[in-house]
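Asks: First to last, the sequence lines map onto chains A and B. Going by the working numbering, the final residue of the first sequence carries number 256, and the count climbs one at a time with no gaps. Going by the working numbering, the final residue of the second sequence carries number 1256, and the count climbs one at a time with no gaps.
Some hints here could point you the wrong way.
As the list claims (entries may be wrong) - Cut-off 25 angstroms, straight-line C-alpha distance, at most; resulting in silico cross-link-like pairs (PhoX-like, lysine-lysine):
| # | chain 1 | residue 1 | chain 2 | residue 2 |
| --- | --- | --- | --- | --- |
| 1 | A | 170 | B | 1250 |
| 2 | B | 1119 | A | 242 |
| 3 | A | 209 | A | 222 |
Unchecked claim - Each pair of labels, with its calculated beta carbon distance range:
| # | chain 1 | residue 1 | chain 2 | residue 2 | range |
| --- | --- | --- | --- | --- | --- |
| 4 | A | 105 | B | 1050 | 46 to 54 angstroms |
| 5 | B | 1057 | A | 251 | 18 to 26 angstroms |
| 6 | A | 231 | B | 1171 | 43 to 51 angstroms |
| 7 | B | 1141 | A | 96 | 42 to 50 angstroms |
| 8 | A | 141 | B | 1022 | 21 to 29 angstroms |
| 9 | B | 1025 | A | 133 | 50 to 58 angstroms |
Don't read these hints as lab results, they were simulated from the structure. All figures in this text were calculated on a predicted structure; none of them were measured in a lab. Cβ atoms here follow ideal geometry from the backbone N, Cα and C, with glycine treated the same way.
Below are the chains, spelled out letter by letter.
2 protein chains.
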Amino acid sequence: MEYVPRDHPRYRSLMEREKIIEGFKNGIVVINGLISQGRGEAFDYIIGEKTIPLAEDSIEVAVAMLLLSNYPVISVNGNAAALVPDEIINLSNIIDAKIEVNLFYRTEERVKKIVDFLKERGAKEVLGLEYVEGIPGLSSERRKVDPRGILKADVVLVMLEDGDRTEALKKIGKRVIAIDLNPFSRTSMAADVSIMDNVTRAIPLMIDKARIMKKLPKEELKKKISNYNNRRRLGEYIIYIKERLENEAKRLMSFP
Amino acid sequence: MEYVPRDHPRYRSLMEREKIIEGFKNGIVVINGLISQGRGEAFDYIIGEKTIPLAEDSIEVAVAMLLLSNYPVISVNGNAAALVPDEIINLSNIIDAKIEVNLFYRTEERVKKIVDFLKERGAKEVLGLEYVEGIPGLSSERRKVDPRGILKADVVLVMLEDGDRTEALKKIGKRVIAIDLNPFSRTSMAADVSIMDNVTRAIPLMIDKARIMKKLPKEELKKKISNYNNRRRLGEYIIYIKERLENEAKRLMSFP
């Protein structure tokens, strides 16, 4: 990795970049993944590069849904594997979920690289190499899913995912939890629970919450979900952004 | 370069991406530059991929400042060189400014590549290979500036620049003009004049304005600058973004 001075005020964000770059060099991340990372950075800037309370609440709903699920699957792409490999493995252990590598720009070679990468990091099982063309309505490479993974899942956690595919998962009856910094994206719009947060903050928080919420009675988890409305939440996210921009503008304009 | 159909709705943006990727293949752009490009794309998308009137006004202020400057320098990094090499050369001729290659991830080899690239394109002089460690408060590679360039300048035009360095330029008494699509960036905050626009639109517009404004009396140029307040302008940019996002939210969600 390139040297990033520790005293750099945007050290965290630059280190994320380094992880993505490392992933690119290892063949885990594609060039488009570099551009996507930049896009995420822009939205993270807009929300202030922190987990906002609304996102934390959506995380709790998501964790409740995962804990109640019969067959949860975490769908992992190149950027997710590069940014939060250990965190994905930890989360999968705590909520007892399968991990499946699922790529927008799929090649067998890249699937294999990511599977190996996650296994080296300690994942016991990583799906994605075996597949059926299980998602209709997508071009052939993109409809592939593992018959022991996403095809069988009731709840799928996706992150940094393409809108087409998220919509397709909904069409085949999955409940979808999405981590996506852009509340306007089709992924955020299509998901049952949208977490507007950076995966590097959201997944560690999901792990913490899952540890605590595992001990709660099922009834309480169900209540958490039943009160939730994702469209309302997206509206709240957008109001949050609006207010943040207003405050930021005021702050700038009142101290010339 | 990859083939992009001319009638593609995002032709301009895709061609920019191709230029950056080309620059990456030629060793002018670092991988981090691909991520920066992605970030810029997202902000450009948010403002509607056009030069907004507020940015055009800031461009006029910037041009006035450059025309009044005794020793203006255009600081060029890899992405700038890849995106707008000819435009930078033209602008430097019209406003009689030095060009200096100044890199965040500096290697002698990459400085030389960019210097050569700009000279092949017709630049008479490109500084940056000779240097002193002229900017205090930065780690050693990043404090290097050319004694005939930035060190001596009264006004420095930076684009797609790192916040640390922009702040450091201010500390050593330079007036800084920044082209940066992110109004929240430390570069935008630190600069005397922040142009929230894509360099591929802003520099050509600066050239046009400089041609016209060169003929204006100095008093008029001075007036243009004296009425300007950059913090207020940043506030106005952010309000503009807020309104764009509100409209987007309404369109997508028929949101009240």
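Asks: It remains to establish, for every hint, whether it holds in the given structure.
Replies: Right, here's what the structure says about each hint:
1. A:170 to B:1250: With Cα atoms ~24 angstroms apart, residue 170 of chain A and residue 1250 of chain B stay inside 25 angstroms; holds.
2. B:1119 to A:242: violated (46 angstroms)
3. A:209 to A:222: Holds: residue 209 of chain A and residue 222 of chain A sit about 15 angstroms apart, inside 25 angstroms.
4. A:105 to B:1050: 46 to 54 angstroms: violated (30 angstroms)
5. B:1057 to A:251: 18 to 26 angstroms: holds (22 angstroms)
6. A:231 to B:1171: 43 to 51 angstroms: With Cβ atoms ~48 angstroms apart, the hint holds.
7. B:1141 to A:96: 42 to 50 angstroms: holds (48 angstroms)
8. A:141 to B:1022: 21 to 29 angstroms: Holds, at about 26 angstroms.
9. B:1025 to A:133: 50 to 58 angstroms: violated (34 angstroms)
In summary, the structure is inconsistent with hints 2, 4 and 9 from the numbered list given earlier, while agreeing with the others.
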